[in-house]
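Enquirer: Given next are the chains, with one letter for each unit.
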Amino acid sequence: MATNILDNINLRSLGELLQQARKKCGMTQADAAKVIDTARTTIVAIEKGERRLKPNELIKLARAYGRTVSDFVRPSPVVEPFQVQFRAAYQRNEQEEARIDPIIQRLEELCRNYLELEKIVDAPLPRNYPQEYDVTSMPIEAAAESIAIAERQQLGLGDGPIPLLRDILEQSVGIRIFYIKMPAKYSEIYSYDEQIGGCIAINLDHYEERRRWSMAHGYLHFLAHRRKPVVDFEGQYQRIPESERLAEAFPKYFLMPTSGLLRRFNDMYRTHGKFTPTNLFTLAHYYGVSIEALIYRLEEMGLLPSGTWDRLRDRGLKVRKVQQELGLEDIQQRPDKMPIHYQHLAIEALDQGLITEGRFADFLGVDRLEARRIAEALREHSSGMIEETVHLDLRQA
Amino acid sequence: MKIRHSHVILDACCVLNFCASGNFIAILKSIPAQVTVTEVVREKELITLQRLKDEENEGVIQFETVITQGLLLVVDFESELEEETFVNYAFELGDDGESATCAIAVHRGWAIATDDKKAVSFSQKEAPHLQVLSTLEIIKSWSEGANLTSAELRTVLRAVRTKGRYMPHRNHPLLSWWENLMQ
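Residue numbers (this note's numbering), protein chains in the order written: chain A, 1 to 397; chain B, 1 to 183.
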């Protein structure tokens with residue numbers, strides 16, 4: 001390896017990465033200039049991609065910015081910066097921007113990592129994207145229900161509950177779904193571009209029923225407004241736009257289809273001669289939705305009188321406590337930060353010696369020790385198979 | 001264990017494993033060469049070592065002790081050539097720790113101690129003349145020199161397995177040795 005990689009690297013991209021890293025750690029160009037003992041104008045030129053960096057300068061800057069040199073030189077898929085898409089779509093105040101920008105950047109980084117893993121292992125995520133639904137001038141509720149029915153049919157879900165929604169959207173449709181820590185009021189971020197496809201970030205700190213709701217919400221944006229990036233948070237709109245009203249209506253039809261819900265409600269009602277709070281909790285658990293969401297749905301269907309939720313709340317209903325008393329365990333979930341396909345690509349790359357253990361840890365966003373734990377779990381998860389059998393092609397005779 | 005070089009440079013895998021063994025000092029003393037680690041690895045892996053399941057953060061203490069005692073020398077790039085090679089390797093490996101370890105080893109003619117599949121194949125391609133050692137090779141040699149009983153050795157290997165979560169890959173030359181002891 002005789003050539004210096006810095007002689008051949010795209011200087012403009014490198015400059016941009018350096019600028020982003022410098023800004024992220026709150027340093028000025030003058031501060032950066034001091035690090036490599038140069039004039040501020042040199043930093044300007046470096047960040048514009050007009051001046052070549054010496055290895056020593058790159059090492060010093062990376063250290064000062066708290067980053068690795070690999071972050072700047074490793075070949076990484078080029079994707080359109082998410083921030084640009086989101087900035088064009090949303091007008092946010094500075095405070096809001098400071099809160100959400102790091103999360104948008106993290107989602108972009110994870111998507112880039114995903115593409116990189118696909119390239120390393122040569123296993124692109126299979127896509128089974130339905131055509132975008134045209135909902136122009138359709139009534140919101142009817143459109144939401146009709147899309148929900150069509151999608152359930154396409155995914156072979158019948159009219160029952162959807163136990164592992166995340167896995168279905170990731171594996172059957174090919175959407176990239178990450179669980180990321182966000183401030184409590186944020187539920188989900190949705191983005192799409194031709195190279196990455198649909199990707200959704202869900203608030204890791206929300207309980208699973210809410211995360212499922214947010215996933216269905218994001219999925220509707222993918223189905224009906226595919227190229228429009230979305231950041232979903234409470235109190236966002238003074239007047240809710242139609243696209244958002246559709247996305248808000250969709251989850252109830254998708255997660256609790258009318259025919260199945262009606263049948264189960266009637267079964268319960270016939271058996272007990274009434275519909276009790278226990279029935280309510282059991283049914284919500286069955287569909288993997290919150291009590292509140294189920295009540296509103298039953299109210300809309302005319303199966304419960306309006307104001308039921310408020311009355312239960314006024315009586316001091318403690319949802320978690322009742323769920324524990326009824327012995328209702330947490331609903332089935334996979335709260336990993338990374339999509340399962342992403343994790344499998346990473347372990348395959350590690351086991352084949354295509355990436356180092358350190359890089360594997362970076363891909364999973366954990367330290368080396370935690371990475372080893374995850375690696376073991378992933379290998380065990382492959383039906384308890386040992387390392388040598390995990391990657392066998394069973395179709396080969 | 002014969003080492004053909006004056007120095008051995010440890011990568012992050014080995015540092016973590018030796019710390020997890022609870023016998024870092026004794027293991028280092030048994031290596032017949034000056035043992036080193038790069039500044040890049042030292043800086044990054046200190047955080048991981050803090051997470052080793054020890055009541056008194058023994059992993060970090062051991063790591064710092066061996067550095068203070070001079071048993072483990074922290075080394076950084078000493079020439080532009082080393083820096084250039086490091087940057088080139090970072091492009092190839094996407095991992096600063098392994099890149100720094102390999103770059104310094106290549107330029108100074110030092111042996112490398114690593115368990116990382118990618119790092120092993122990379123260093124063998126870049127510098128086939130360099131000796132590559134593994135965690136198990138070093139522990140085996142130490143245990144033989146120190147006349148450890150099978151039970152004592154098993155305790156050490158189990159600590160590396162449980163605290164450091166290390167297990168050898170399927171093609172490791174010492175896999176059956178490790179499996180026999182772990183039973």
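If you are wondering where the hints come from, they were derived from the structure by calculation, not from laboratory data. In this text, all values refer to a predicted model and were calculated from it rather than measured experimentally. Worth double-checking, as some hints may not be accurate.
[As the list claims (entries may be wrong)] Label-pair ranges, simulated between beta-carbon atoms:
| # | chain 1 | residue 1 | chain 2 | residue 2 | range |
| --- | --- | --- | --- | --- | --- |
| 1 | B | H169 | A | T271 | 55 to 63 angstroms |
| 2 | A | G235 | B | E78 | 56 to 64 angstroms |
| 3 | A | R99 | B | S150 | 32 to 40 angstroms |
| 4 | B | H169 | A | K48 | 42 to 50 angstroms |
| 5 | A | P81 | B | Q69 | 27 to 35 angstroms |
[As the list claims (entries may be wrong)] Listed below are the simulated SDA-like cross-link pairs for lysine to any residue, each with C-alpha atoms no more than 20 angstroms apart in a straight line:
| # | chain 1 | residue 1 | chain 2 | residue 2 |
| --- | --- | --- | --- | --- |
| 6 | A | K337 | A | P75 |
| 7 | B | K117 | A | K185 |
| 8 | A | K185 | A | P335 |
| 9 | B | K44 | A | K185 |
| 10 | B | K117 | A | Q105 |
C-beta atoms are modelled at their ideal positions from N, C-alpha and C, and glycine is treated no differently.
Enquirer: Hints first: check each against the structure and report whether it holds.
Expert: Hint check results:
1. At roughly 56 angstroms, the beta carbons of B:H169 and A:T271 sit within the given window of 55 to 63 angstroms.
2. For the pair A:G235 and B:E78, the beta carbons lie near 57 angstroms from each other, so the given range of 56 to 64 angstroms is met.
3. For the pair A:R99 and B:S150, the beta carbons lie near 57 angstroms from each other, so the given range of 32 to 40 angstroms is not met.
4. Against the hinted window of 42 to 50 angstroms, the Cβ-Cβ separation of B:H169 and A:K48 comes to about 45 angstroms, which satisfies the hint.
5. Range check, A:P81 to B:Q69: about 49 angstroms between beta-carbon atoms, so the 27 to 35 angstroms window is missed.
6. Of the supplied pair hints, the one linking A:K337 and A:P75 is violated, its CA atoms being roughly 24 angstroms apart against a limit of 20 angstroms.
7. This hinted pair does not check out: B:K117 and A:K185 have alpha carbons roughly 44 angstroms apart, beyond 20 angstroms.
8. Restraint check for A:K185 and A:P335: the C-alpha separation of about 19 angstroms stays at or below 20 angstroms, so the hint holds.
9. Between B:K44 and A:K185 the alpha-carbon distance is near 34 angstroms, which puts this suggested pair outside the 20 angstroms criterion.
10. Proximity of B:K117 to A:Q105 is assessed by CA-CA distance (about 31 angstroms); at most 20 angstroms being required, the pair is judged violated.
Hints 3, 5, 6, 7, 9 and 10 from the earlier list are contradicted by this structure; the remaining hints agree with it.
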